[in-house]
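Following the hints, position chain B against chain A.
Protein chains: 2
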Amino acid sequence: MARIAYVNGRYVKLAKAVVNIEDRGYQFGDGIYEVFYAYRGRLIDEALHFARLERSRGEIGLTAPMGEAALRVVIHELMRRNRVQTGLIYLQLTRGVAKRDHAFPMPKPRSALTLTVRPKPEPPEELSGWSAAAITLEDERWGRCDIKSINLLPNVLARDAAKQAGALEAVLFDAQGMVTEGATSSVWMVGPDNVLRTRALDQHVLPGCTRAALLADVAAEGLEFQEQAFSLEELRAAREIFITSATSFVKPITRLDGMPVGNAAPGLIASRLYARYLARLKEG
Amino acid sequence: MARIAYVNGRYVKLAKAVVNIEDRGYQFGDGIYEVFYAYRGRLIDEALHFARLERSRGEIGLTAPMGEAALRVVIHELMRRNRVQTGLIYLQLTRGVAKRDHAFPMPKPRSALTLTVRPKPEPPEELSGWSAAAITLEDERWGRCDIKSINLLPNVLARDAAKQAGALEAVLFDAQGMVTEGATSSVWMVGPDNVLRTRALDQHVLPGCTRAALLADVAAEGLEFQEQAFSLEELRAAREIFITSATSFVKPITRLDGMPVGNAAPGLIASRLYARYLARLKEG
Numbered sequence: 069m070a071r072i073a074y075v076n077g078r079y080v081k082l083a084k085a086v087v088n089i090e091d092r093g094y095q096f097g098d099g100i101y102e103v104f105y106a107y108r109g110r111l112i113d114e115a116l117h118f119a120r121l122e123r124s125r126g127e128i129g130l131t132a133p134m135g136e137a138a139l140r141v142v143i144h145e146l147m148r149r150n151r152v153q154t155g156l157i158y159l160q161l162t163r164g165v166a167k168r169d170h171a172f173p174m175p176k177p178r179s180a181l182t183l184t185v186r187p188k189p190e191p192p193e194e195l196s197g198w199s200a201a202a203i204t205l206e207d208e209r210w211g212r213c214d215i216k217s218i219n220l221l222p223n224v225l226a227r228d229a230a231k232q233a234g235a236l237e238a239v240l241f242d243a244q245g246m247v248t249e250g251a252t253s254s255v256w257m258v259g260p261d262n263v264l265r266t267r268a269l270d271q272h273v274l275p276g277c278t279r280a281a282l283l284a285d286v287a288a289e290g291l292e293f294q295e296q297a298f299s300l301e302e303l304r305a306a307r308e309i310f311i312t313s314a315t316s317f318v319k320p321i322t323r324l325d326g327m328p329v330g331n332a333a334p335g336l337i338a339s340r341l342y343a344r345y346l347a348r349l350k351e352g
Numbered sequence: 069m070a071r072i073a074y075v076n077g078r079y080v081k082l083a084k085a086v087v088n089i090e091d092r093g094y095q096f097g098d099g100i101y102e103v104f105y106a107y108r109g110r111l112i113d114e115a116l117h118f119a120r121l122e123r124s125r126g127e128i129g130l131t132a133p134m135g136e137a138a139l140r141v142v143i144h145e146l147m148r149r150n151r152v153q154t155g156l157i158y159l160q161l162t163r164g165v166a167k168r169d170h171a172f173p174m175p176k177p178r179s180a181l182t183l184t185v186r187p188k189p190e191p192p193e194e195l196s197g198w199s200a201a202a203i204t205l206e207d208e209r210w211g212r213c214d215i216k217s218i219n220l221l222p223n224v225l226a227r228d229a230a231k232q233a234g235a236l237e238a239v240l241f242d243a244q245g246m247v248t249e250g251a252t253s254s255v256w257m258v259g260p261d262n263v264l265r266t267r268a269l270d271q272h273v274l275p276g277c278t279r280a281a282l283l284a285d286v287a288a289e290g291l292e293f294q295e296q297a298f299s300l301e302e303l304r305a306a307r308e309i310f311i312t313s314a315t316s317f318v319k320p321i322t323r324l325d326g327m328p329v330g331n332a333a334p335g336l337i338a339s340r341l342y343a344r345y346l347a348r349l350k351e352g
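For the protein sequence lines, the chains are A and B, in the order given.
Residue numbers for the first sequence, in our numbering: 69 to 352.
Residue numbers for the second sequence, in our numbering: 69 to 352.
Honestly, the hints are just simulated from the structure, not real lab data.
Watch out, some of these pointers could steer you wrong.
Identical copies go unnamed one by one, so any copy, or any two together, can satisfy a pair.
[What the hints assert, rightly or not] Cut-off 25 Å, straight-line C-alpha distance, at most; resulting in silico cross-link-like pairs (DSS-like, lysine-lysine):
#	residue 1	residue 2
1	Lys84	Lys188
2	Lys81	Lys350
3	Lys167	Lys231
4	Lys188	Lys81
5	Lys167	Lys84
6	Lys176	Lys188
7	Lys81	Lys167
8	Lys231	Lys84
9	Lys231	Lys81
10	Lys350	Lys176
11	Lys231	Lys188
12	Lys176	Lys81
13	Lys84	Lys350
14	Lys176	Lys231
15	Lys167	Lys188
Pulled out of the complex, with its shape left as it was, chain A reads as follows:
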């Protein structure tokens, strides 16, 4: 069955899903995106993702193509047409088509909305046996990573460097040696003091939706937790490291730059949080 995409009001075969070359998303990266995870037909952390989409849109002054309710209808219709119940929904919004000139075009063109869907296998019941490597790289991204923009070339280069090194993710650190986040995920660590930490939100990191949802699980588990940045050095001394995102849920990092993290197996805290995440998925 051919995959179906949504392009500016129409459902079309992906092979025929096209935009004009003067779409500002293509020539300037002048757009934003969001990735939703659907589990058995239900969008997970839906309110968080819609809120972030709305925030990103506002930060760069894009026109809303439709309201949230209509957007939800499009997403579910696209899932239906693709026969996907459990999978990823990719949504992109750009400033639309205009004669090339950096400043926002006037009059405003219609913003361009495109969506694709693809299936994803059900998550495993538990993390036992899981292993994943990460590398560390200097964060070369721009100063507004809190906006989920499609300016992703530094992320592309970092993820490809990770892949070349046989790793799943690249953990980024700033000029002061402090960890910001992963190229496509939030990063968490458990220190020798058994305290769980993840960086507080600022303009250098994306406000992760799975990160936000997990904060409630952290509280429910009664874990010692600090929302505070940590250095690369502290990360190297971690008992546990894991990453979170809508596409990766909770994924332990068992090797960092070739060295084992803790006992090189999924840690206790990551496993407990993963179990909570899974329970939340299944409860509906």
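Chain B in isolation, oriented as in the chain A frame:
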């Protein structure tokens, strides 16, 4: 007459010039670009632009779609079809179409090459009467601005801020208060000591082709010159400020953040360099 674009081997009407929504240029900004200026059918500083294109391509590991000679044929054919002798040629190269995943796709898809052309009026004979404002903004771009990538959202936001302030350009400065460059140009200043300065090249600025070409003119004029960074404070005390790019040649900035620069008119040094630039255009 409808504008004609070049898209992956075909000459098509601009309105029908399209790329797939999974072109990595659209979803990741995973591509580079170049802008050529043609004067009466001749590409100006052609070798510099082709060399920079080749460098950008290599830095992010894109496959060359064709050799330089073939590319030159495409450019001239596109100019012919658009009946443009004097104008701008926009060329963009992306990593091509692949299922969305950050790391470079394997096997490599065919890289996507698109070009457009548009006419530009002949440059004025002299700068007298010219005035232009600039604003200053913190440089929020990524750490590899030496690559002419299509990750241009920070440039878009800066240029729009300039436009909203009634200014032509936004001059960017880094966390140390040193000027990097304009949002779409190189920045030059003449200090109270009458020394002309522009920042040395590093990974935070684009190696400007017009900048490079102008260095020969600077020498020929016997100007005192230092290739050295300057602070925002030094810029505010400048006798002259001007910007250069393939699309703006040599353009004096006569007001900075609302304050006059020098006597708020084109300066002597900018005028001399502009005259040299014009002579070079016309000599062929």
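Verification of the hints:
In this homomeric assembly, Lys84 and Lys188 come within 25 Å of each other (Cα to Cα) only inside a single copy, at 23 Å, whereas the closest approach across copies is 34 Å. Neither within a single protomer nor between protomers do Lys81 and Lys350 lie at most 25 Å apart by alpha-carbon distance, with minima of 32 Å and 51 Å respectively. For the homomeric pair Lys167 and Lys231, the shortest alpha-carbon distance between copies (16 Å) is at most 25 Å, but the shortest distance inside one copy (37 Å) is not. When the C-alpha separation of Lys188 and Lys81 is checked against a cutoff of 25 Å, the pair qualifies only within one copy, where the shortest distance is 20 Å, while the shortest distance between copies is 39 Å.
In this assembly of identical chains, Lys167 and Lys84 lie within 25 Å of each other by CA distance both inside one copy and across copies; the values are 23 Å within and 14 Å between. In the homo-oligomer, the alpha carbons of Lys176 and Lys188 lie at most 25 Å apart only across protomers (23 Å), although the nearest pairing inside one protomer, at 37 Å, exceeds that limit. Taking identical chains as interchangeable, the C-alpha atoms of Lys81 and Lys167 lie at most 25 Å apart only when they sit on different chains, with a minimum of 14 Å there against 27 Å within one chain. In the homo-oligomer, the alpha carbons of Lys231 and Lys84 never lie at most 25 Å apart, since the shortest distance is 30 Å inside one protomer and 37 Å across protomers.
In this assembly of identical chains, the alpha carbons of Lys231 and Lys81 never lie at most 25 Å apart, being 30 Å within a copy and 40 Å across copies at closest. In this assembly of identical chains, Lys350 and Lys176 lie within 25 Å of each other by CA distance neither inside one copy nor across copies; the values are 43 Å within and 38 Å between. Taking CA atoms no more than 25 Å apart as the test, Lys231 paired with Lys188 passes inside one copy only; the shortest distance there is 20 Å, against 45 Å between copies. Proximity of Lys176 to Lys81 under the C-alpha cut-off of 25 Å is restricted to the inter-copy arrangement: shortest distance 23 Å between copies versus 28 Å within a copy.
For a Cα distance limit of 25 Å, the shortest separation of Lys84 from Lys350 qualifies neither inside one copy, at 36 Å, nor across copies, at 46 Å. For the identical chains of this complex, Lys176 and Lys231 are inter-copy neighbours only, at 15 Å across copies versus 40 Å inside a copy, given an alpha-carbon limit of 25 Å. With identical chains, the CA atoms of Lys167 and Lys188 are at most 25 Å apart between copies only, with a shortest distance of 14 Å across copies and 38 Å within one.
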